[in-house]
Amino acid sequence: MLKEVLQTLKMLKRIENPSQEVQDSLDFLEQSVKTKTKESLLDLMSIGDVIGYDELQDSLKEMVNFLEKMKNKPQ
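Just so we're aligned: 13 in UniProt numbering is position 13 of the sequence shown, and the numbers increase by one with no gaps anywhere.
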């Protein structure tokens, strides 16, 4: 479901001069993604409690490096 929400967000962001309904939908979806992100962070905290925060930190560093590469990737 997250994949579909993100794809819909991308499509809505491409609309020039969106109607109020489209803007409201865009705002709602963006807030939903932010909420999902916060939930995922809580999951990470639980994982850290089990596997240890050093292990989790190493994994997150790898993810950050991956995200940096994706961010700088030519479109």
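Just so you know, the hints here were simulated from the structure itself, not pulled from any lab data.
Don't take every hint at face value.
[As the list claims (entries may be wrong)] Derived DSS-like pairs (lysine-lysine); straight-line CA-CA distance at most 25 Å:
(1) K38 x K13
(2) K13 x K36
(3) K34 x K3
(4) K34 x K73
(5) K3 x K13
Note that the coordinates shown come from a computational prediction; the quantities given were computed from them, not determined experimentally.
Structure-based check of each hint:
1. K38 x K13: Distance ~22 Å between K38 and K13 Cα, so the pair holds.
2. K13 x K36: Holds. K13 to K36 sits at ~19 Å (cutoff 25 Å).
3. K34 x K3: Answer holds: K34 to K3 is near 14 Å, not above 25 Å.
4. K34 x K73: The hint holds at about 23 Å.
5. K3 x K13: 15 Å, holds
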